[in-house]
Amino acid sequence: MTRAIVQIGGPFAALLLLVTAFFTYEPLRKPFGGTPPPVEELTVERTVLDDSGIALKVRAGGTEPVSIAQVQVDGAYWRFTQDPPGALPRLSGAWIAIPYPWVEGETHKVVFVTRTGLTFEHEIEVAWPTPKVDAEALWRLTLAGLFLGVLPVALGMLFYPALKSGGAVAFQFAMALTVGLLAFLLVDTLSSALEIAGRAAPGLKSALLVWIIAALACLLLWGLARWRGQDFTPLGLAASIAFAIGVHNLGEGLAVGSAFATGAAALGGFLLLGFTLHNVTEGVGIIAPLLERRPQLSILAGLACLAGLPAVLGLWLGTFAFTNHWAAFALALGAGAILQVIIEVGLLLRRQIGQQRQSRAYPVVFGGLILGVAIMYLTGLLVEI
Amino acid sequence: MSNIYDWLRWGASRRGFLRAAGLSLFAGALGAARAQSGDHDAQGYTGEHRAPANAHGDHGGMITVGQVDHARNGFDPSKVLTDWDQGVTSPWTGGRTLREFTITAEDKEIEIAPGIMFPAWTYNGRVPGPTLRVTEGDRVRINFINAGSHTHSMHFHGIHSARMDGVPGAGDVRPRGSFVYEFDAFPFGCHLYHCHTVPLKRHIHKGLYGAFIIDPDPARHPEQSELAAARLLGTPQNAHWQEFVMVMNGFDTNFDEENEVYAVNTVAHAYTHRPIPIERGRPVRIYLVNVTEFDPINSLHLHANFFDYYDTGTNLTPTLKTVDTIMQCQAQRGIIEFAYSDHEPGLYMFHAHQSEFAELGWMGLFDVRDAVA
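Here the protein sequences line up with chains A and B, keeping their order.
Each position in the first sequence, counted from 1, maps to that position plus 4 in the working numbering.
Each position in the second sequence, counted from 1, maps to that position plus 63 in the working numbering.
Calculated directly from the structure, the hints in this document are not laboratory data.
Heads up, the beta-carbon is just placed ideally off N, CA and C, and yes, glycines get one too.
Watch out, some of these pointers could steer you wrong.
Facing chain A, from chain B, some residues (calculated, C-beta under 7 Å) [to be verified]: (1) G124; (2) I126; (3) T127; (4) A176; (5) I179; (6) F181; (7) T316; (8) N317; (9) E323; (10) A394.
Ranges between beta-carbon positions, derived for each pair [to be verified]: (11) B:E407 with A:D78: 50 to 58 Å; (12) B:D319 with A:T111: 18 to 26 Å; (13) A:I374 with B:D319: 45 to 53 Å; (14) A:F26 with B:A436: 53 to 61 Å.
Sequences and hints are given; from them, build the entire structure.
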């Protein structure tokens with residue numbers, strides 16, 4: 005017992021000694037003439053514009069606490085309050101409220117001047133009142149979310165009879181199309197996760213976390229799927245696909261919602277319609293594993309909701325509570341889920357093809373793959389924010 | 064769904080509450096914040112936070128937040144205004160006066176706007192450096208000691224020999240070195256001195272400059288002796304005037320060759336937070352010097368009044384009569400004379416009429432009263 009304690013505790017004690025020695029001697033201090041000037045970082049996470057002015061959620065990064073000494077708006081020092089007050093330790097956040105008479109539809113530049121004289125700029129590209137949280141706003145966002153998520157998936161499911169009448173070839177084609185679609189979503193989700201992570205506070209190392217979360221999510225779902233030591237049922241696979249697509253649609257909702265909230269996008273009917281077209285293919289993907297049986301309507305409706313309703317939640321959160329690192333982590337989770345589903349569908353497809361002559365199957369599979377990616381890319385052009 | 068709705072609404076109303084609370088408790092919260100960070104002694108706050116009651120003094124939000132710790136800086140803009148350094152005098156040949164000054168260049172971190180620290184290079188620990196005030200014809204001797212970390216010099220705008228010019232090779236002083244500048248004070252006027260070590264731009268904008276005023280000697284200007292006497296510090300005629308020195312400067316705190324802070328006498332909005340008391344019945348004379356780096360010109364605009372302007376102050380008759388705005392390039396300077404005798408008491412604004420400079424700190428107020436204690 006004591007031996008075990010020594011064996012485990014020994015290395016930790018040595019580590020403690022090392023840290024103490026480091027701070028006692030500080031090897032880098034002497035030759036470089038004292039400690040270098042502190043490096044501060046400040047990131048703006050949220051912007052709220054309303055009748056009382058501009059409110060910004062900031063988060064500190066870098067090696068030293070950040071003291072916001074003054075705030076300039078459009079090149080003028082302006083009165084502001086900070087909550088909580090005082091220096092911001094690494095990774096902590098605060099709200100900065102500035103009673104500034106901002107101008108609707110115009111650009112404003114906020115500059116934070118820190119104690120050391122460093123400046124951090126934040127541009128409000130198009131000033132627009134931040135939507136207020138009320139019943140009407142929530143209802144409209146819900147409606148938009150249904151158009152963005154649930155309806156297109158349901159529409160895609162209408163291809164069910166056509167695909168079913170096509171027999172085994174149609175099934176393989178639909179599965180291949182699903183893989184192509186999911187591959188597109190994987191790249192799309194990962195790249196937007198990394199892009200959003202790039203805007204988060206640098207101290208969080210969000211980009212690294214995106215990769216870790218995606219990998220862990222994939223492994224975890226893989227393990228959960230085999231919990232009982234057997235392969236997916238077709239319905240289980242369809243549900244997995246719907247879940248993965250659902251997390252992706254959550255990300256889409258976040259993106260549209262935050263663009264809507266910050267006024268960066270004119271959320272016209274065109275953009276929403278674009279997303280609707282973009283997401284129709286997702287419905288085809290979800291029903292693909294079910295072609296060989298006859299699912300109940302209620303099950304199809306459930307799957308459509310599983311894939312589509314997260315878009316509503318995404319819109320709400322994106323509009324009212326968007327935070328870069330949380331959005332990046334949610335998207336990373338989605339990327340992991342999509343990757344796992346790609347592998348599952350791929351395995352299923354492989355088993356199917358294994359039972360027949362491959363020379364006939366490959367053109368169908370490649371055709372489906374390429375068409376899946378192509379449809380997503382082309383409809384994706386409609387939804388540039 | 065109702066949960067999320069409540070949660071979102073709570074989030075929004077909480078922010079609203081914080082904002083409202085924050086604005087009304089603005090001063091208190093700020094004081095608490097500063098006290099917490101230990102940057103300022105609480106004394107500085109209670110004494111100095113004097114928001115002008117007049118509507119004109121409400122800047123509609125455009126203001127630096129907080130107070131500068133002048134005690135730690137070692138100089139107070141309100142005192143810099145009238146802090147004339149006349150040196151140590153002794154007789155000189157021909158009935159003239161020798162004036163000796165000791166100036167030490169040193170590195171010092173100063174607070175140029177509430178909470179913003181600037182790694183300055185200073186003369187005698189202050190920015191602008193001491194306002195040297197001599198009389199036309201005096202012998203001036205400057206014992207210059209360089210206690211800073213870089214080579215520095217003192218280059219006077221005046222008449223002197225090449226050896227005394229304070230440029231590289233003639234009176235620039237290495238760290239821990241010293242030099243004696245000596246010359247006769249000519250011509251009378253409102254002048255300046257600054258470090259002329261290269262890189263010049265950096266040595267100036269880091270804070271090495273100050274006003275150098277040569278008062279006219281009435282005996283040398285028999286036809287305008289009354290005007291000269293009114294300029295000469297220490298005469299009864301001069302005592303009637305309210306004289307201030309204002310050095311227009313700027314600070315590039317992030318070293319991107321653009322100023323983040325503009326001011327007169329260094330501290331942003333110093334005279335907005337503490338207006339300059341003016342006695343209504345007595346005339347005002349401002350010695351205005353521009354040392355602003357990076358921007359081609361600076362300016363002064365006086366509200367609700369007009370003034371006479373003596374460019375470089377080398378004449379006893381005005382260069383411009385009855386103007387309310389003048390501009391100066393770097394190292395240009397002049398004397399401004401005006402009065403509020405026909406005005407009602409109140410807060411009268413003055414600022415650079417580059418709105419950008421005004422909103423970044425170069426703005427102040429005269430508090431015109433019937434009597435000043």
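Hints, one by one, checked against the model:
| no. | hint | in the structure |
| --- | --- | --- |
| 1 | G124 | holds, 4 Å |
| 2 | I126 | holds, 6 Å |
| 3 | T127 | holds, 5 Å |
| 4 | A176 | holds, 6 Å |
| 5 | I179 | holds, 4 Å |
| 6 | F181 | holds, 6 Å |
| 7 | T316 | holds, 3 Å |
| 8 | N317 | holds, 5 Å |
| 9 | E323 | holds, 6 Å |
| 10 | A394 | violated, 25 Å |
| 11 | B:E407 with A:D78: 50 to 58 Å | violated, 34 Å |
| 12 | B:D319 with A:T111: 18 to 26 Å | holds, 20 Å |
| 13 | A:I374 with B:D319: 45 to 53 Å | holds, 50 Å |
| 14 | A:F26 with B:A436: 53 to 61 Å | holds, 60 Å |
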